[in-house]
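Trainee: Listed below are the residues making up each chain.
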Amino acid sequence: MAMSASAQLSKVVKRQYMELPQGDNVQAMYIWIDGTGEGLRCKTRTLDSEPKSIEDLPEWNFDGSSTYQSEGSNSDMYLIPSAMFRDPFRKDPNKLVLCEVLKYNRKPAETNHRRTCKKIMEMIDHQIPWFGMEQEYTILGTDGHPFGWPSNGFPGPQGPYYCGVGADKAYGRDVVEAHYRACLYAGVKICGTNAEVMPAQWEFQVGPCEGISMGDHLWVARFILHRVCEDFGVVASFDPKPIPGNWNGAGCHTNFSTKEMREDGGLKCIEACIDKLGKRHNYHIRAYDPKGGLDNARRLTGHHETSNIHEFSAGVANRGASIRIPRTVGQEKKGYFEDRRPSANCDPYAVTEALIRTCLLDEEGDEPVDY
Amino acid sequence: MATSTSSKLCKAVKQQYMDLPQGDKVQAMYIWIDGTGEGLRCKTRTLDSEPKTIEDLPEWNFDGSSTYQSEGSNSDMYLIPQAMFRDPFRKDPNKLVLCEVLKYNHKPAETNLRQMCKKIMDMVLNQHPWFGMEQEYTVLGTDGHPFGWPSNGFPGPQGPYYCGVGADKAYGRDVVEAHYRACLYAGVKICGTNAEVMPAQWEFQIGPCEGIEMGDHLWMARFLLHRVCEDFGVVASFDPKPIPGNWNGAGCHTNFSTKEMREDGGLKYIEESIERLAKRHQYHIRAYDPKGGLDNARRLTGHHETSNINEFSAGVANRGASIRIPRSVGQEKKGYFEDRRPSANCDPYAVTEALVRTCLLNEEGEELVKYK
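As they're listed, the protein sequences go chains B and G.
So for the first sequence, the UniProt record's numbering puts the first residue at 1; every next one is plus one.
So for the second sequence, the UniProt record's numbering puts the first residue at 1; every next one is plus one.
Don't take each hint at face value.
As the list claims (entries may be wrong) - Facing chain B, a subset of chain G residues (Cβ under 8 angstroms, in silico):
| hint | residue |
| --- | --- |
| 1 | Leu102 |
| 2 | Lys103 |
| 3 | Lys189 |
| 4 | Gly192 |
| 5 | Val234 |
What the hints assert, rightly or not - 20 angstroms max Cα-Cα, derived EDC-like pairs, lysine to aspartate or glutamate:
| hint | chain 1 | residue 1 | chain 2 | residue 2 |
| --- | --- | --- | --- | --- |
| 6 | B | Lys291 | B | Asp366 |
| 7 | B | Lys333 | G | Glu59 |
| 8 | G | Lys14 | B | Asp92 |
| 9 | G | Lys169 | B | Glu100 |
| 10 | B | Lys11 | G | Asp19 |
| 11 | G | Lys14 | B | Asp366 |
| 12 | G | Lys8 | B | Glu230 |
| 13 | B | Lys334 | G | Glu59 |
| 14 | B | Lys91 | G | Asp24 |
| 15 | G | Lys14 | B | Glu177 |
| 16 | G | Lys11 | B | Glu19 |
In case anyone wonders, no lab produced these hints; they're calculated from the structure.
Glycine residues also receive a C-beta, built at the ideal position from the N, C-alpha and C atoms.
So that you can see chain B by itself, here it is in the shape it has in the complex (with noise of 0.2 angstroms):
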């Protein structure tokens, strides 16, 4: 059976239960990611008023042993509140917390991108930079096998996929729709929608968000996806390349632009930061996925609409390419650029930052600099 066993369990009797009042008191359900840079890991604390900004909410912590992320002698780390949002499943007023992840000794687990990220955003928030993140990702069956794919086979080739509607085309839609309106209902900056090239993948655009928010919104956008593939007994795999061969990967393609490169001629700016982009290829090339390239170089294989993850290119309209400079912007010499390289499974917190340091910070070389 390709749905779990938690899916069965009836969900009028779940309604009454949720239909309950709950008088002065909230949940808010605290969010984090774990010790592996891709899991998220939740739990619940009961408030007592309704909070109205991340200022409302208390710090907390956990036991990070049970997490990828500490020793079990030595085991607390704090959750510090970063970004609230409404919450869709239990719904006002209770709310989804992302938090920050410190250690013991208050400085940042190893897989909190986030704190680095915010501080190189700070120091160059007058540039208003813009990200736009567009998030592939496959819906699998609890047998780890794509959802829809008939159980011991596989379906026709790729072509008729993309964008495509009929249930010959388009396997597991109600997640989409559902995962939609949770992320609207929560204020997550949710822009599009559609199919994608292997059946059974899809993709979902976050976005257009400045600085820090990106990775908060897109991250936030990913946990509600893994709550609704939970709610349908399904599950949703960012993996890069989940089946090899003649099937598309996943990707998260980021697109990018700040105030000078939205205004005229601003095209000479995009230009530029390609310049120095190409010159860094391999330094980003080990930001964009949670194991330094290694999951990536399933993926970008120079096929299937990606790069060679050994050789930087760019070109306008080139689905082929690192960095995509869509035909509009070539045309109207202004707008942002599109890199191609993340994969599904990056921590955009690394990689928003990772644009920021090369194109506006001017970094070069291998290592990031310390400020």
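Following the hints, position chain G against chain B.
Mentor: Just chain G, lined up with the frame of chain B:
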């Protein structure tokens, strides 16, 4: 299993999410015809407020290399909104937006037949051309076999199924009922439905639509059908001859009239049009399916209420003819006529354009006339 795995996902769960308020944000689903000339594609964007007219919808673009429409090295194609409908799946204030596709150089994509159709329709606005198209289709399981048919066999022969009722006669009525309501909500001009001669085959009719509207409404009705079938876990096929042998094919009979034909004595104009059509049979056959007549060749055999693809014929109340004049029209000496040749998978823009070119612009011969 005849229905898809997707359709087994819990709809109560989905409903909870679809009930969530969305504030001022609006979802606009852009829909276009892909490189096959038959397939539909769609993707959605969020808007900050409800679009009131088509002008409120921005142009967009997509990756044509993934839809059989361009190469990967130069793949951006433009989506130009043309017709807006209410979204019966996401409901108000969300929209469905039918788009034209332009290539990177702003010329129409190969399968964008709307642009030329609109030019032609604009030339004859004062004649008020009305169309009604009768879209036949077959409901298939995900195994590709007609829905409800025994899994490795056939139902009893045709006879009891046309407009039938009962579980042994009507296969998949839920799809039809759902589609009808979805079209009405969306604002698509659906004017009727019936079960067809082959079991699991159905028909809906769109119209009367004037000019370019016919193509817009029929394409949107087809999109709604694919989406409704997807929700049920079955597949809608517009193949003109899904099952070879003694089983009906699927067509898209096209009814046509002008203001003159609808007025007293209009029969004269109907007969003139039919004469012009008789002289241009091959040109129309090429326009009436996406493969220049190859698809229709499997269907237009002269049997199963079709005319033979190699011969043109016309007659009052004659379902074996290329053109049928309804009996009431023959009696009242005014009205419309029915061209029974178009295939179920025809492009309605191509069909309606061909009728206007031949009947109203008096074109002759095999070649395309270019107007300024």
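Trainee: Among the hints numbered above, which are violated by the structure, and what are their numbers in rising order?
Mentor: Failing hints, ascending: 1, 2, 3, 4, 9, 11.
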